[in-house]
Amino acid sequence: MPMIERMRLDHAAAVLVFERENRAYFAASVSDRGDDYFTGFQQRFRLLLAEQDAGVCHFHVVVGDDGQVLGRVNLVDVADGSAELGFRVAQKAAGQGVATAAVRQVCATAARDYGLRSLRASAAADNAGSRAVLSRVGFVPTGEEILLAGRPGHRYLLSLAGPTPH
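Those letters in the sequence shown? Residues 1 to 166, per full-length UniProt numbering, in order.
It should be emphasised that the hints constitute simulated quantities derived from the structure, not laboratory data. Just so we're clear, the structure is a prediction, and the values are computed from it rather than from any experiment. C-beta atoms are modelled at their ideal positions from N, C-alpha and C, and glycine is treated no differently. Careful: at least some of the hints might be erroneous.
What the hints assert, rightly or not - Across the chosen pairs, the derived CB separations fall in these ranges:
hint, residue 1, residue 2, range
1, Y114, L47, 13 to 21 Å
2, I146, A24, 23 to 31 Å
3, G67, G40, 33 to 41 Å
4, S135, D53, 26 to 34 Å
5, L16, A161, 14 to 22 Å
6, V76, L147, 12 to 20 Å
7, Y114, R136, 32 to 40 Å
Construct the entire structure; sequences and hints are all you get.
Right under this line is the structure:
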């Protein structure tokens, strides 16, 4: 069963493999990170960890039994008891409940360990998988329509003030 771990420097190599192996798969549903992301990966990774140390963001990896990174769940723009949730799961782990379990666990961690009271998220209208994950975890559409890399999308909100997401 995959485990969620707070991202650390020793995850860098596995995260890079995950991003490279799934680049085309991710680009089909979210904007591509671009070549610069990969050429400057080590420096960018260290900057992310510095943001995490400052409490501005909380980054998590989904690690399989073999130590391979199967996904990422991030909480960014942490302020005023709220953050923006983003997630991605490897193509080989898609459709197996990995994203739903990982997002649920990070939502519980957000409330318990980070003191957050609400989370925001976005999903492209044509990204049925991400919309389903958000719905299963308890995110509700706000009614706000947005553009995500030029594609129509929707905003979602999850209150963490009530019972911990399960």
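Where does the structure disagree with the numbered hints, that is, which hint numbers, in rising order? 3, 5 and 7
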